[in-house]
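Line by line, the protein sequences give chains A and B. Residue numbers are given in our numbering: position 238 of the first sequence equals residue 238, and the series is strictly consecutive. Residue numbers are given in our numbering: position 62 of the second sequence equals residue 62, and the series is strictly consecutive.
Keep in mind that the hints were calculated from the coordinates and are not lab data. Yeah, the Cβ is synthetic: ideal placement off N, Cα and C, and Gly gets one too. It is possible that part of the hints are untrue.
[Claimed, not checked] A short list of chain B residues far from chain A (calculated; beta carbon distances all over 12 Å): (1) Q86; (2) D124; (3) R194; (4) G227; (5) A275; (6) R398.
[Unchecked claim] So the derived label-pair ranges between C-beta atoms look like this: (7) W142(A) <-> G196(B): 19 to 29 Å; (8) F246(A) <-> G226(B): 42 to 52 Å; (9) Q61(B) <-> F246(A): 53 to 63 Å.
[Said to hold, decoys possible] Calculated from the model, a selection of chain B residues having no Cβ within reach of chain A, i.e. all distances over 12 Å: (10) S54; (11) Q61; (12) E116; (13) H258; (14) I263; (15) D353; (16) E384.
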Amino acid sequence: MSFGNEAGPAGAVGIWDRITIGQKRVIWAWAFLAVPIVFYVGIRFYPTFQAFWLSFTNWDLLRPARFIGLANYQRMWGDPQFWQVFRNTFAYLIIGTPISLVVSFVIAYYLDRVRFMHGFIRALYFLPFLTTAAAMAWVWRWFYQPVPIGIINSFLANFGLPSQPFLRSTEQALPAIMVTAIWAGLGFQIIIFMAGLRAIPQTFYEAARIDGLGEWAILRKITLPLLKPTTVFLVVFSSIGFLRIFDQVYNMTTNDPGGPLNSTKPLVLLIYQTAFSSYDMGYAAAQTVVLFTILLVVSLLQLWVLRNR
Amino acid sequence: MQREGIAIAACKGIKEVSMRNRFTLAGLAAGVSMMAMGSAQAVEIEYWQYVFDSRVQAMDQLIANFEAANPGITVRHVTFPYADYQTRVTAAKLAGQGPDVVQLFYGWLDNFVAGELIQPLNPDVFPHEEIESEFFPIVGAMKRGEDYYGLPTAVRSLALFYNKQLFDEAGLDPDNPPQTLEELLAAAEATVKRDGAGNIISVGLAMGMAAQDHHWWREGLIRQFGGQAYSDDGRTVAYNDDAGLAATSWQADLYNTHGVTQIGFMDEPQAAFRAGLAAMSIDGTFRLGAFNAIESFEWGVTELPANADGYRSNYASYFANAIGASASGDELEAAEKFLAYISSEEAMEVWLDIVGELPARQSAALTEENLSHPVYAPFLKGLEYAHTTVFVDEAAQRQVAIDMEARMSIQGQDPADALAEAAAAEQAILDNFYSR
């Protein structure tokens, strides 16, 4: 025992003394980095690769997984429900992202100029972002009900307008849910946009005004270009959000999740159902791989389109 | 052998109990402290069920009773949210830490057996002839091949709930609810309310396949119109025929032609009924807890309406308790004792009191008191002519019915086409399951 105690530190000190300060820094840096790296490899990357492997199997939780090659992907290719869900997911993305960005920019742009009760108004916009998605979705679900309990339909009825089915319609349900998702994310986007607006030096505006530029020209030539990093961030962030939409849809259609007739079902909800109500883990993993690929491609594409030239 | 000794001891203590009936004895003996002497060392077993307040409360009480009678055995009560209950059971099996006694919906049995999550009941402890003579016949849904895989504490059936106040307002006799399908339609037509623009503001009959209507359709209406939903072996969809079409059209006409209801009104039928905005609603025993809290109006229950020939048909279902695949040795023995106790008459009475679900043993259910009970009686009568659908994937098969309803109610699809499409979709689910 005593021999070990003497020899151990002595040897370690010897090596530690011989290396340079620069090398020591590197060692320390890696020692600290090791923690998140181990965490990410264990918690994130390993399951990701596991999902890729599972997508080539017929695992159903109960029986051992068997390799079945590309059968899950072939099945997906011929599955009309998958394509319907695929279209829905892109509808959420392609309609939701631009609308939410334009609306939040307009609000941020004007809110930035409001001095009267500025903090209060900003807090009002931010409030939905703080609220639990499930609670919010349930409130909206009741808003959309037919008369006598649905507020929106009661309002329409007061003006003699025909009542709308909203969530009970294959055409209206998806937009109706999208409105709530946009509304829920608005507060966050407004705050980020306002931070971006504040970061633009006032001197630019002063110079432009002295040069006699109109408001529209200032917006186009100064505000929007200088706001680009913020916009890129929000486009990517909101796109990923819409591609992964789940809580709003699930909570607003719990009786028939993703319904009616799959008209509101996004990919994540399909994956959830395939995995946890049909226990078709292999097929669900294949769907996950597709979602992963879409997210990757869309994000890279946006970064490339909006890159700094 | 030890168990046999206890049984005999218990038998001597309780007069006139047949010897071969160890299963009943185990239940009865659980209430007798004599049983305790047999258990030499302490055994802990785990009991799993999903979270539902009254069920958890009832089980806690049963466990307390059982432990008092069996000092050597402790039961750990583990609960999970319903939504991920099955996943937890499966995951625990993979991890080699399954429960000793586990609750499952009868419709999950095939999956639980295929996944080797549970083991067949030992016929020496739970004799088949006794199960078959003492439980309601629907317990047969727990049998695969020659083995029973579980026993229910309580069973559920459907009945027609009606709002006496709305009946009164519409000039109907609140003590004389509809007894036939024709009377049901007439009552619904009399009680539905609309605003000036023609929007329904209170429905005659609250409906929705997402709730209980798919059971009413499968095991009630289709049979009443002369058909049957599946072939006898359960492998083939049989409702896509004239009888099935007649039943489906009759049900769809309630919202499409007669306008006595609206699918999705107040979101869920039970919400509409509870709010007093539905004159009638078809629902199960499990809803009694929620409806008992209604204070703003009086409601009644009657049997599901008969067809023109007086033929009635009902749907019954249940959660059963089974023994986990990993239980063996002392734990298996303790698990068998516990299962025997929670399937005993005594346990069923506790369950009825706390949860409101009907006893699964005929002797405990069909008592004078229950049969004259205004609320329990219609459900109990329903059990006599109830059928139990053998589901292979309950959620997916229900979805087929929901989608069929949505195509008829939202897209105006013809019932014949809607039914054919549903039959094809459901057959695919059955084929997929049985081909594995």
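Least C-beta distance between D353(B) and chain A, which was stated to exceed 12 Å: For D353(B), whose nearest Cβ neighbour in chain A is about 31 Å away, the distance exceeds 12 Å, so it holds.
Take the C-beta atom of Q61(B) and the C-beta atom of F246(A), compute their distance, and say whether it sits inside 53 to 63 Å. violated (39 Å)
Verify that the Cβ of Q61(B) lies farther than 12 Å from every Cβ atom of chain A, and report whether the claim holds or is violated. Given that every Cβ of chain A is farther than 12 Å from that of Q61(B), nearest at about 31 Å, it holds.
Exclusion check [E384(B) not at the chain A interface, CB over 12 Å]: holds (31 Å)
How does the Cβ-Cβ distance of F246(A) and G226(B) compare with 42 to 52 Å: does it lie in that range? holds (44 Å)
Far enough from chain A: is every CB of that chain over 12 Å from the CB of R194(B)? Violated: least Cβ distance 10 Å, not greater than 12 Å.
Is H258(B) truly not at the interface, in the sense that its beta carbon sits beyond 12 Å from all beta carbons of chain A? Nearest chain A Cβ is 18 Å from H258(B), so the label holds.
When you look at the beta carbon of G227(B), is every beta carbon of chain A farther off than 12 Å? The claim holds: G227(B) sits with its nearest Cβ about 25 Å from chain A, beyond 12 Å.
Is it the case that S54(B) keeps its Cβ farther than 12 Å from each residue Cβ in chain A? holds (22 Å)
Are all beta-carbon distances from Q86(B) to chain A longer than 12 Å? violated (8 Å)
Is it the case that A275(B) keeps its Cβ farther than 12 Å from each residue Cβ in chain A? Nearest chain A Cβ is 8 Å from A275(B), so the label is violated.
Is it correct that the beta-carbon of E116(B) has no partner in chain A closer than or equal to 12 Å? Given a closest Cβ separation of 8 Å, the condition is violated.
In this structure, the earlier hints numbered 1, 3, 5, 6, 9, 12, 14 are contradicted, and the remaining ones agree with it.
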